[in-house]
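Enquirer: Sequence:
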Amino acid sequence: MPHIVLYPHATPTGQPIRTTGAQGRSSGRQYDWGVFNRGNGEAAGFGPVGQYGVAPWAEDWSRLRDKSKRTDPFDILKYIALNNSGSIWLSFSGETRLRNWFESRPNLGTQKNNDSGRFGVRNLYGADLHLGSHVRLFGQLINADAGGWNGYGYGTTYRKRLDVQQAFIETRWTMLGAKSGFMFGRQQFLDAPSYMLYNRETPNVPLSWNGFRAYMVWPRLRIDGWDFVQTNDSYTKMFRDTENYNTRLYGFNMTWSAPDGHFMGDRTYSFLDAFYIGYKLSGSSGAIATATGSSNGSNTRNNFGIRWHGIAGPFEFSLGGIWQGGVFRYAKTNEARSVSSYAINTLVGYRLPKNPFHTFLGLQTDVYSGGNKNKNSGTIGTYISPFNPQTNYLDTTTYMTGSNLISFAPLVRATFVKSLSLQVKYPLFWRYSTQDPIYRSSGFYTFAHNFDGKFIGMAPQASLTWQITPHLSWTQYVSRFMTSHSLNRAGGSSATYYQSNFVFRF
9 MPHIVLYPHA TPTGQPIRTT GAQGRSSGRQ YDWGVFNRGN GEAAGFGPVG
59 QYGVAPWAED WSRLRDKSKR TDPFDILKYI ALNNSGSIWL SFSGETRLRN
109 WFESRPNLGT QKNNDSGRFG VRNLYGADLH LGSHVRLFGQ LINADAGGWN
159 GYGYGTTYRK RLDVQQAFIE TRWTMLGAKS GFMFGRQQFL DAPSYMLYNR
209 ETPNVPLSWN GFRAYMVWPR LRIDGWDFVQ TNDSYTKMFR DTENYNTRLY
259 GFNMTWSAPD GHFMGDRTYS FLDAFYIGYK LSGSSGAIAT ATGSSNGSNT
309 RNNFGIRWHG IAGPFEFSLG GIWQGGVFRY AKTNEARSVS SYAINTLVGY
359 RLPKNPFHTF LGLQTDVYSG GNKNKNSGTI GTYISPFNPQ TNYLDTTTYM
409 TGSNLISFAP LVRATFVKSL SLQVKYPLFW RYSTQDPIYR SSGFYTFAHN
459 FDGKFIGMAP QASLTWQITP HLSWTQYVSR FMTSHSLNRA GGSSATYYQS
509 NFVFRF
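Counting from 1, position 300 in the sequence shown corresponds to residue 308 in my numbering; the numbering is continuous, with no gaps.
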């Protein structure tokens with residue numbers, strides 16, 4: 009398997025190099041989920057997996073029981089037999105990430121730490137204990153720190169003393185012809201479109217959840233259900249993280265693999281996801297925008313969505329839509345307002361056939377509905393995605409988020425020498441509704457003067473990923489966010505953004 013896909017990014021469309029499910033099993037380390045191993049493996053519901061996965065427990069190292077297959081110096085840590093037969097075994101995983109980034113005018117000029125240079129380091133180290141083929145225990149520890157000059161926003165998701173990031177038990181069996189499993193405890197959850205929910209990539213501490221998950225995987229169909237509360241990682245002392253019962257995530261997903269075919273001399277396959285995902289948020293995390301600021305309350309959102317993604321000859325596509333209903337209750341009065349909002353997310357592209365650079369030409373469009381902050385009654389029309397969608401899906405600067413937004417972004421990706429991949433993207437941003445503010449990852453922007461325009465600006469950006477060895481990678485992002493004239497008049501500002509990530513993992 010080429011080095012550049014040993015640790016694949018999220019979003020199945022537009023990967024650096026096309027891979028097959030067979031490659032994923034023979035060269036990678038994903039469990040055998042049949043057709044759901046195709047591409048970056050995220051169709052199986054456990055996040056992207058190459059040789060390494062975003063969730064390390066999604067990796068399968070059991071083949072290293074055969075010592076002749078151990079070709080890497082770290083293989084000695086990936087499979088440690090604890091009995092004579094090797095049915096009880098232990099696997100270690102680890103990641104150390106060094107991230108630094110520079111922003112000339114952070115957050116569209118509203119964060120007055122100009123020319124800010126921040127630095128973060130995190131360590132994620134885990135152990136996966138397999139007690140035969142039906143039971144396993146996984147645990148992962150984290151610690152992190154942050155520094156730099158003119159820094160801002162350093163909370164407990166950047167500076168974290170040693171704590172438990174994940175700890176769960178999983179049981180597996182075959183039922184009704186399906187590979188089935190039940191997971192209980194603290195865990196990552198990645199079985200949703202990454203433009204909706206992902207792993208909290210920008211801070212040092214990833215997102216984790218507490219509760220249960222159950223799944224069944226047939227040859228062409230899989231189902232998954234879950235009920236979680238978010239981890240409360242706001243503590244500053246060691247081993248204090250608990251559960252945050254004010255934030256819940258629950259739902260159900262079904263993925264169907266359509267019959268394979270051929271188109272324009274190449275293969276076709278696709279997956280259709282149908283899901284319900286519910287959120288419950290309370291207090292400031294559930295706040296809505298108002299004419300005078302914001303109002304806290306309890307915010308229940310019910311997301312009904314579909315996503316169809318796959319390849320058709322040289323074409324690759326991901327087409328998704330979500331309707332978001334629910335109810336918001338003001339904290340002070342308990343007055344209820346209904347919610348009706350939506351999101352449309354598409355990425356379509358063309359992979360140049362027999363091209364030595366695996367060149368991909370794509371177009372990404374996203375629409376997130378907005379509402380009216382001046383209303384204090386009636387239906388709320390603002391879509392929200394509170395659980396850290398993939399950082400680089402919309403905008404690498406993270407100044408934009410999926411609320412009251414229209415985005416249009418052509419892109420091109422090329423891969424060189426199978427270990428170096430370059431993507432150039434040119435997103436343009438508009439407000440969906442001029443009666444609603446511009447939203448960011450936590451809340452919304454407030455400018456010195458009223459912003460009454462629709463066009464926000466554009467943010468040409470590039471990312472360069474170099475998988476130096478199977479264990480070392482260096483990824484860099486650069487962007488120039490150019491704000492519109494009307495936003496500049498309101499007090500916004502254009503900005504230059506640069507980020508570097510040097511990662512060691514095994």
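Quick caveat, the hints were computed from the structure, so don't treat them as lab data.
Bear in mind the structure is a predicted one, so any value in this text is a computation, not a measurement.
Among the clues, some could well be false.
[To be verified] List time: in silico BS3-like cross-link candidates among lysine-lysine, alpha-carbon distance up to 25 angstroms: (1) 340 - 288; (2) 426 - 77; (3) 383 - 340.
[Claimed, not checked] What follows is a list of derived Cβ distance ranges for each label pair: (4) 302 - 363: 47 to 53 angstroms; (5) 179 - 291: 20 to 26 angstroms; (6) 352 - 482: 46 to 52 angstroms; (7) 122 - 90: 51 to 57 angstroms; (8) 463 - 292: 27 to 33 angstroms; (9) 424 - 266: 30 to 36 angstroms.
For every residue, glycine included, the Cβ atom is placed at its ideal position computed from N, Cα and C.
Enquirer: Taking the hints in turn, state whether each one holds.
Expert: Okay, the hints, checked on the actual structure:
1. For the hint pairing residue 340 with residue 288, the CA-to-CA distance comes to about 18 angstroms; that is within 25 angstroms, so the pair holds.
2. With a CA separation close to 23 angstroms, the supplied pair residue 426 and residue 77 stays within the 25 angstroms bound.
3. Between residue 383 and residue 340, the direct Cα distance comes to roughly 17 angstroms. Compliance with the 25 angstroms bound is thereby established for this hinted pair.
4. Between residue 302 and residue 363, the C-beta spacing of about 49 angstroms keeps the proposed range 47 to 53 angstroms intact.
5. Checked against the hint of 20 to 26 angstroms, the pair residue 179 and residue 291 fails, with Cβ atoms roughly 35 angstroms apart.
6. The hint said 46 to 52 angstroms for the Cβ distance between residue 352 and residue 482, and at roughly 34 angstroms that hint is violated.
7. In this structure, residue 122 and residue 90 meet the distance hint of 51 to 57 angstroms, their C-beta atoms being roughly 55 angstroms apart.
8. Roughly 30 angstroms separates the CB atoms of residue 463 and residue 292, a value that falls within the hinted 27 to 33 angstroms.
9. Judged by the Cβ atoms, the range 30 to 36 angstroms given for residue 424 and residue 266 holds: they are separated by roughly 33 angstroms.
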